[in-house]
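We have chain P; now place chain S onto it with these hints.
Take a look at the letters that make up each chain.
2 protein chains.
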Amino acid sequence: MGGDHGPEITIPASLDCLQNNPDLRLILVGDEAVIKRLLPQDPLAFPDRLSIQHATQCVGMDESPSKALKNKKDSSMRVAINLVRDGHADACVSAGNTGALMATARFVLKMIPGIDRPAIISTLPSIYGHTHVLDLGANVDCTAEHLFQFAIMGNELVKAVEGIDNPKVGLLNIGEEDTKGNEQVKAAAKLLENSSLNYIGYVEGNSLNAGHIKVDLIVTDGFVGNVALKSIEGAAKMIGTVLKEAFNKNLLTRLAAFLAYPVLKSFKQRIDPRLYNGASFLGLRGLVIKSHGGADVLAFKTAIELAEIEVKKDVIRKISEQVESILAQRQSA
Amino acid sequence: MGGDHGPEITIPASLDCLQNNPDLRLILVGDEAVIKRLLPQDPLAFPDRLSIQHATQCVGMDESPSKALKNKKDSSMRVAINLVRDGHADACVSAGNTGALMATARFVLKMIPGIDRPAIISTLPSIYGHTHVLDLGANVDCTAEHLFQFAIMGNELVKAVEGIDNPKVGLLNIGEEDTKGNEQVKAAAKLLENSSLNYIGYVEGNSLNAGHIKVDLIVTDGFVGNVALKSIEGAAKMIGTVLKEAFNKNLLTRLAAFLAYPVLKSFKQRIDPRLYNGASFLGLRGLVIKSHGGADVLAFKTAIELAEIEVKKDVIRKISEQVESILAQRQSA
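As you go down the protein sequences, you meet chains P and S in turn. In this text, residue positions in the first sequence follow the working numbering: the first is 77, and each later residue adds one. In this text, residue positions in the second sequence follow the working numbering: the first is 77, and each later residue adds one.
One chain only, chain P, in its complex shape (with noise of 0.2 Å):
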């Protein structure tokens, strides 16, 4: 039900996603009559494979994280993530408002013993595939203890999707030299030089798009994490439409531009940020995926998408056993 544009966009996206992999199962959650009235004339489409679970109530966009918890307890969201605790889905995809969804996640599924605090992690792209960044901004202030935590979290679903052993994890930092930064930075770049990661050093901002060729997981706190995520999206919206603009400017930039279309076309599917929506809660005991508020069919297929990958490749399992490990080996230590 949530996000900017409700069910006229999930519930196409999911249909779309059902349709491309067959051993995908979805369960609609939210109010039955909206749902049924946007599903197709079929509805035995997908007889085994799509179900609805009714819920009463959805939080709204601007609604404080603790208003939700308290009076919203049979929303779309929480009856959502309820299912995931219980066993009955392995992932919960929403669009819906970030604080509510992430309180609700926390209250209901509980945090993986060993970790803090959740994290937010999700891919920006880059010339060389991409690279996945966390916190994106769930912890407005973090330790060097919770930075740690977030790349190891972050490591572990790195491995898992995309089928590598080492990944090199960075400290986000405004210098590679060790004299840079603050003491929280510094003292998580201790915990990680002792560590089992394959820790490659301070990277800077502009190593967020640099892609999987210099690093694979950028580690960062909530507060900087969200702000250079959104510097990026702003800055790339206003190349957008500086580049839209110059070719809109008259009849003849208007002739390039049908002339050069093919070209732009696939450069902006190359960047095409519907490619890389979707955002994942780490540290709970349980799945859930964030997909941008503003996410259109695409986009949202995504978001479904990713959860796909990462219940195939059991990401948070792998977490909570390298947790785990981490934890004994400390005790032991």
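Just so you know, these hints were derived from the structure itself, not from any lab. One should not assume that every hint holds.
Copies of the same chain look alike in the list, so a pair counts if it fits in one copy or across any two.
[Stated by the list, open to error] In silico DSS-like cross-links for lysine-lysine, where the CA-CA straight-line distance does not exceed 30 Å:
no., residue 1, residue 2
1, K143, K266
2, K146, K256
3, K388, K186
4, K235, K290
5, K143, K256
6, K344, K325
7, K313, K344
8, K146, K262
9, K149, K112
10, K341, K320
11, K256, K149
12, K320, K344
13, K313, K262
14, K262, K143
15, K290, K262
Same frame as chain P, but now just chain S:
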């Protein structure tokens, strides 16, 4: 002498500026022999407006600020800043080591009374004009009071340089709601709300490239500001490379590039980072402008021109007077 290319870049840029601006007088500070070798055959091209100040030392780009301060008392940057302190120059422009330049400027020029920390301010392009942003990396940890002081200084700079009365001032945060952000940002918001500034509230990372219609000045701490700036640089570089690759793919796409050349050129000029080169150190009793280390002739010219504008608009005096007046108000309150 500084920057990745040294006087090979800074001298041609200086000569271009002298050519373009009959009011301008420049003192080239550095190794006299090197400078003379790079000056044109006719050394009297600008007899009254160009002079050389010899300096025997040069600060390396990777040298630690404290070592530069201690061991390089006759470095080109130290001598240039001395000229500002002694009233022989109105501003110092350098492409050298940022940390050393800041440490030297702070040591030699001293702080404006009432300002605790210097900050670095620069502009970012947008579809509508540009946005001024500080701090871009001088301070990794900032209190609310520091952020407030940055806002006061930035506000005077924007007023003077843009010729507007009430710049729209925003505080960089991870959401626009009151509940968002860390303690420093929330406390800084209170200080700004109770100030005489035209404070518009929190802005997110995507506002950095939003331009003057939304916000004229964005205030943040140096860690976040530096990461955001470099994230934008990285995103722009990635997008530019992908666009270039798309047009270079094969004979057909290269033909499209040829036909679209004037459009692509005008697009590139609109967002050319060289036209935004130059960051001002604020909070000091003298004007120091830092150019990007990798600046070419055009970029270094932009930095010199920025110095000219700020000198003509008397930015440092205006900031000092404003800070003094606010201090007086606080003491009488």
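Tested hints:
no.	hint	verdict
1	K143 to K266	between (40 Å within a copy, 25 Å between copies)
2	K146 to K256	between (43 Å within a copy, 20 Å between copies)
3	K388 to K186	within (22 Å within a copy, 61 Å between copies)
4	K235 to K290	within (16 Å within a copy, 42 Å between copies)
5	K143 to K256	between (41 Å within a copy, 16 Å between copies)
6	K344 to K325	both (19 Å within a copy, 15 Å between copies)
7	K313 to K344	both (12 Å within a copy, 15 Å between copies)
8	K146 to K262	between (39 Å within a copy, 25 Å between copies)
9	K149 to K112	within (22 Å within a copy, 78 Å between copies)
10	K341 to K320	both (12 Å within a copy, 13 Å between copies)
11	K256 to K149	between (46 Å within a copy, 24 Å between copies)
12	K320 to K344	both (11 Å within a copy, 12 Å between copies)
13	K313 to K262	between (33 Å within a copy, 28 Å between copies)
14	K262 to K143	between (37 Å within a copy, 21 Å between copies)
15	K290 to K262	within (21 Å within a copy, 36 Å between copies)
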